Amino acid sequence: MTSLHAEVVVRRDAFTLDVTFASHPGEIVAILGPNGAGKSTLLAVLAGHLVPSYGVVRVGDRTLTAVRDDRVETAVRPERRSIGLLGQDSLVFPHLSARENVAFGPRAAGVPAAQARRVADEWLTAVGLGELTDRHPGALSGGQRQRVALARALAAEPAVLLLDEPFAQLDVRTAAELRDVVRTQVRRTRTATVLVTHDVLDAVTLADRVVVLHDGQVVEQGRPLDVLSDPVHPFTAALAGVNLVVGRLATQPDGSTALQGPDGVLVPCGAREPGGRAQVTFPPGAVVVGDGWPARVIDLEPGTTGVRVRTSGDVLVDLPPAQAAALDLHVGAELLLSVPTEHVRVRPLA
Amino acid sequence: MTREHPVGVPGLLWLPAALAAGLLVMPVVALLVRADWASLPADITTPAALDALWLSLSTSAVATGVCLVLGVPLAVVLARAHGWPADVLRALVTLPLVLPPTVGGIALLYLLGRRGLLGQSLDAWFGITIPFTTAAVVIAQAFVAMPFLVLSVEGSLRTAGTRFDVVAASLGAGRWTVLRRITLPLVRPGLVSGTVLCFARALGEFGATALFAGNSPGVTQTMPLAIYSAFNGAGVTQETAVALSLLLVFAAVAVLLAARAWRPGRPA
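Chains A and B, in that order, are what the protein sequence lines are.
The numbering of the first sequence is the working numbering, which starts it at 1 and goes up by one.
The numbering of the second sequence is the working numbering, which starts it at 351 and goes up by one.
Because the hints were derived from the structure by calculation, they are not lab data.
None of the values given here were measured: they were computed from a predicted structure.
Be a bit skeptical, because a hint or two may be false.
[To be verified] Label-pair restraints from in silico Cβ distances:
#1 B:A436 to A:G142: 32 to 38 angstroms
#2 B:V438 to A:E122: 49 to 55 angstroms
#3 A:G138 to B:L362: 37 to 43 angstroms
#4 A:R173 to B:R513: 42 to 48 angstroms
#5 A:G138 to B:R508: 18 to 24 angstroms
#6 B:P539 to A:E122: 30 to 36 angstroms
#7 A:G138 to B:A388: 48 to 54 angstroms
#8 A:Q88 to B:R610: 24 to 30 angstroms
#9 A:E131 to B:R610: 54 to 60 angstroms
#10 A:H95 to B:L362: 41 to 47 angstroms
#11 B:V542 to A:R173: 39 to 45 angstroms
C-beta: ideal position from N, C-alpha, C; glycine also.
In isolation and in its complexed conformation, chain A is listed as follows (with noise of 0.2 angstroms):
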């Protein structure tokens, strides 16, 4: 019961990692970000495969790694951290069987062998493997597997539990299965956990705060409900499906306030006090087809409910199948777009 504080920063050529957060007893903390945001480099250090630059990670009042002025002053090794792996291979030992793979832990705690078998009976029966603990790996399906190896991790009893894309390679239905799986063991054992993903299902399913990673710096962090609805980075936007455009504020012929985008865009903003640069995000399925900005299609792509296109200006347009029928599209297409006031949400920039 225990919460983790990182501070880490690695410097790597050009590239520098710089995060700073903490997680708390039974908080999922979902680290989110593109490949290369230096996800993969910050589990590292947390996991002491890796000595950063600068930075300490502390578990409880126990410090595992603290790195000052260049000089290493602690790194404490893998096996002593307590700090607990999930990632998208289960890497369930292959010449175990499951129950053996979850006493594993235990076992080399220095727990009798009994006793370390019990626990580990317990564990596959909370994570719903109970009749399967005989079996060896190969024979256990992906998802099965799965749930040994978070059985695994957590019956050795971690400070912290570092998940990484553990519900990457499962089929939606085993995925959604183990997400609940997931959380109702990390609520219950009070472990804080960080969760690596750009997967934002995972931030919305299972976090309870969110840290956005990009290029190694954080660009927003907070709620998921809050990051994901008002996000600030084009990258969070694009993982919450949301159209960002940012540009400045003007006022417009009918003397309300609109935000003049690259390429022509034209988004109203009400009535604002025109001459700053400002941020607005709207849904695509809110844009209207028709009237407003001309703007080109740069590409279309199949949508969740119809058709999503991308258009001139970097804005999304999600179309109904029927309407997208009729409007002829195909790449270079010239259409008028506009977006109601009520979809906008406008975030003035310094």
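Fit chain B to the supplied structure of chain A, relying on the hints for placement.
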């Protein structure tokens, strides 16, 4: 009815493939044909033959044990080490493979002989003389057989990678526990085949043994040396040489079969 069409073999390959198989199998067939089966039981149960067989099996077993105790750690070090010193060491380890065993025998003499680099001190300080003893047989066998074990285990370790070891460490297992419970069990197939190769190589060792350990019946005369002596007519007949050869063939086949049976079906 369905028929599977597996990837075929170009017709041109069948002839050299058959010749290769013939080259490997026919000499043994010739040996079997040449053997005088009636006198075989008597030939292979002479005290000299039994002495040689026992000496061969026991020294090879001890040499294999030495290779396991020393070679597995070396394989782990080589698999985990980085940089040019590791590369150099890896190249040196394979040296006994490419060296003629007789060269190995001479080299061992210059190291452990009474005037040798180390042998001199062993003799002066402890009164220990190694050449022409049974210990010399074991050392010669270990020298030529160790690379087989090291290379086999090291290759398996590299293939297995270290991902499972990382997980095991995250579960709180120290390095020794990880090695014992994860690393080595995962490379068991490589370990078994390496051990078998190592034992077989030790059993067949001739050149280094002849030069470093000599050919003294009951002490250093292993099967290959006994066969050579018999074939050259030093007191016995060629008939005995053939019989002893067959005995060695059977012993080798038995070892291979035992190793196969010992390797249980691993769960996928």
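Contradicted hints - numbers only: Hint check: 4, 8, 9 fail, others pass.
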